[in-house]
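Asks: The lines below spell out each chain.
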Amino acid sequence: MTAEGAGPTLMLVLVVAVLVGCGVILLLERSLTRILLGVILLGNGVNLLILLGGRAGGAPIVGTGPVDEMSNPLPQAMVLTAIVITFGLTAFLLAVAYRSWFLTGDDEVPDDLEDRQIIRRAERNEVGAADLGGEGPDDDPEQVDPEPARRRLRRGEEA
Amino acid sequence: MGTLLPLPVVVPLLGAALTLLLATQPRIQRAVSVLCLAGTFTVAVVLLVQAYRYGPVVMVIGGWPAPVGIVLVADQLAALMLVVSSAVTLCVLLYSVGQGRSETGETTPVVIFHPTYLVLTAGVTTAFLAGDLFNLFVGFEILLVASFVLITLGGTETRIRTGSTYVVVSVLSSMIFLTAVGLVYLATGTLNLAQLSQRLDALPDRVRLALQLMLLLAFAIKAAVFPLSAWLPDSYPTAPAPVTAVFAGLLTKVGVYAIIRTETLLFPDGQVDDLLMVVAGLTMLVGILGAVAQSDLKRLFSFTLVSHIGYMIFGVALSTAAGLSGAIFYVVHHITIQTTLFLVAGLVEERAGSTDLRRIGGLARVAPLLGVLFFVPAMNLAGVPPFSGFLGKLGLLQAGVAAGGALPFALVGAGTLTSLLTLYVASRVWNIAFWRAPRIATGDPVVQLPRLMIGATVALVAFGLVLTVLAGPLFDVTTDAATDLLSRTPYVRAVLPDGVP
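For the record, the sequence lines run as chains A and P.
Take the first sequence: its position 42, counting from 1, is numbered 42 in UniProt numbering, and each next residue is one higher.
Take the second sequence: its position 63, counting from 1, is numbered 63 in UniProt numbering, and each next residue is one higher.
To be clear about the criterion: a stretch of chain P counts as covered by chain A if any three or more of its residues have a C-beta under 8 Å from a C-beta of chain A, and this derived list gives those stretches:
1) 138-148
2) 163-171
3) 176-188
4) 293-307
Hints are computed from structural coordinates only; laboratory data are not their basis.
Since the model is a prediction, treat every value here as computed from it, not as a measurement.
C-beta: ideal position from N, C-alpha, C; glycine also.
Can you make the complete structure from the sequences, with help from the hints?
Replies: What follows is the structure in structure tokens.
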């Protein structure tokens, strides 16, 4: 940032643009490791952008210098929080990528299986889960006509 | 009264720490988390009464006055959301305690479940109570990180696969949100919502529109509004039943809450109302058509979840008091009902061993209580009178007709169609899973469902019915909240009593 505290330099804006651009391109990949790198770049780009929101200058402590030459401490405080959050997210994503590699041998994010099944069924013009009835008297105990209780009981006595 | 305000955030966080320490004593751990959430619920009810009677409750944290320091604000909307969300989280917690030894017990470290669940609750309450944009971001992050852990609980192959989609999409939406926060600060020099509401008005129209769209994009991903909703049905169904239930009930609604808050307080001029309406209609129709095609119970409910988000966005897009009031009522109704349905799906899985509609059947005969527990919320969701779903939809459709114009009328039509299709989906599930002859997979061996699971589900079904009975007073509260939101002054005056600097 400029020493006069005039605002962000073009250089820093360009850095933000490059970081975010590279991050987005990497996010479009299928492999979790590249997505992870994308998230790191994107996160750093966004954090830098927040930092640009404040005026640059001296330490913002009353008594160390003239007040109107101090930097704006609020974006710095926010960016600290944001860095910690990005760090946590990165660590978790790394763990997921590792676990995925551990379980399946690669860290690619595959398509959803159920989605594919439904697309295949739609191509063949089939119904998801047809209610084919199946309510014959044979396989349903309640549909079978029960004999009158008296006759049943009598037969039980005879047997 | 402001002293109560931090409790819904602090109590679950302290509870999380305590339950982590008590990892070796599951019994005490469970008792602590249930007590924490019960406490949160009580505080939330007190806050709602306060906010309804005396206006927004404000607490200035750290003693710095408002525009400089961080504020927590509970106006009627926030307090109402707090009450419903804490009631739902409490019921789901009891359900998961009842489930205990089955799904979460065998394959996963159940030790982690309770602390993470409490952190999730703290994140949700932080987002509801946040009085500045950055605090809202922090609330979102707290609940997201907790939800990452819950959705990949156990680290099985399917959960990692679906979880990675969820994590990447959520991280992306957080980045967009963070960028928007940075840009808002750059443009206005403040993040306090009350102060922003004044300073944003002074910005040029185009800058304001860019900021609005950016925030809207971030929240719409979280709320699963149509073009941005594809991640939800892929990631929710594989998580354990209580986790899916609480996600479905709360996480998307936090997004909807954020949309309501920003659209009313920060950007009241309605520049994007038409866009929101189109998006709402598409969300309803595409979501419910997706549900028609599904053959798995949990995926089917995920699609109805997406579809019914459209109703709330419709209410917001109308930006009249009636529309907003209907939207808030619908949020309250939908949190309860959608959570209940996912809990029922969990019970079906426990009882029949599967949620796949091709493999289950005849549950109404084998487990009649389960049939009732499904039937009531399913009809409620579809909007069959006299349930709260009907009242909520009626409120929204009336508001749409009252607003007039081609687009609102088209939306009224889409809403009615969606309601009918939801009824079709619900009756299809009822026919296949509950009414046809029992399948072999269902019959033997008979699993006794844990009482606590049934009890928690019954409690939520009953809560849904209470919403129906108390719909009149509830509509009073939501109308009041909507009027306050639209006039903006009660919120701003409560946060900045000495006027805007």
